[in-house]
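Enquirer: Sequence:
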Amino acid sequence: MELFFWLTGTTLVIFGSAVAFGAPYLPVLKPQIITALELLELKPGQTIIDLGSGDGRFLLAAAQNGFSAVGYEINPILVLVSKFRTRKYRRQVTILWKNYWQVEWPKADAIFVFLISKYMKKLNNKVIQYKHRPIKLVSLGFQIPERKYQAQNNGVFLYKFP
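Numbering (our numbering), first residue to last: 2 to 163.
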């Protein structure tokens, strides 16, 4: 019984602490994944960064569509789940147990993110600093304040950073 409480408490702390850095874990729905990939209009072989990659659903879909994908996730449990889900595509998918705010992102053609609104301005500033532009960004559910999106569908917003 003591082990149960310890495991439950540890899990709650791990999942709850992610809110301090970006957003709580919420799975991305398949229609939203399809919309995001359609809005990006990438070609096979291009690379997508998933900021807060959660359980790897978006990474898996990206790989299944012929893209390379790099996922950043701060929750170690979700990193393991993602690695398991994407194991068939391990040559196309890299999952890093890191805080994406504190690292330099690799060269990529697109970024996928599902953040909460209070971090969108910070994200905009980080993308502006990104040295591998131009880059497209799709945001699920939340808009970047004071930046005009290029397209929107199904709650997914497309931005282009020249």
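These aren't lab readings, by the way, just hints derived from the structure by calculation. Treat the hints loosely; a few may be bogus.
Said to hold, decoys possible - Below 25 Å or equal to it, Euclidean Cα-Cα: the simulated SDA-like pairs (lysine to any residue) are: (1) Lys149 <-> Thr48; (2) Lys108 <-> Asn126; (3) Lys149 <-> Leu116; (4) Lys108 <-> Pro163.
Note that the coordinates shown come from a computational prediction; the quantities given were computed from them, not determined experimentally.
Enquirer: Each hint: holds or not?
Expert: These are the hints, each one checked on the structure:
1. Between Lys149 and Thr48 the CA atoms are separated by roughly 24 Å; this keeps the pair inside 25 Å, and the hint holds.
2. For a cut-off of 25 Å, the pair hint linking Lys108 to Asn126 stands: about 17 Å separates their Cα positions.
3. With a CA separation close to 17 Å, the supplied pair Lys149 and Leu116 stays within the 25 Å bound.
4. Only pairs whose Cα atoms come within 25 Å are accepted, and Lys108 paired with Pro163 is accepted, the gap being roughly 14 Å.
Violation of the numbered hints given earlier is absent; every hint is satisfied by the structure.
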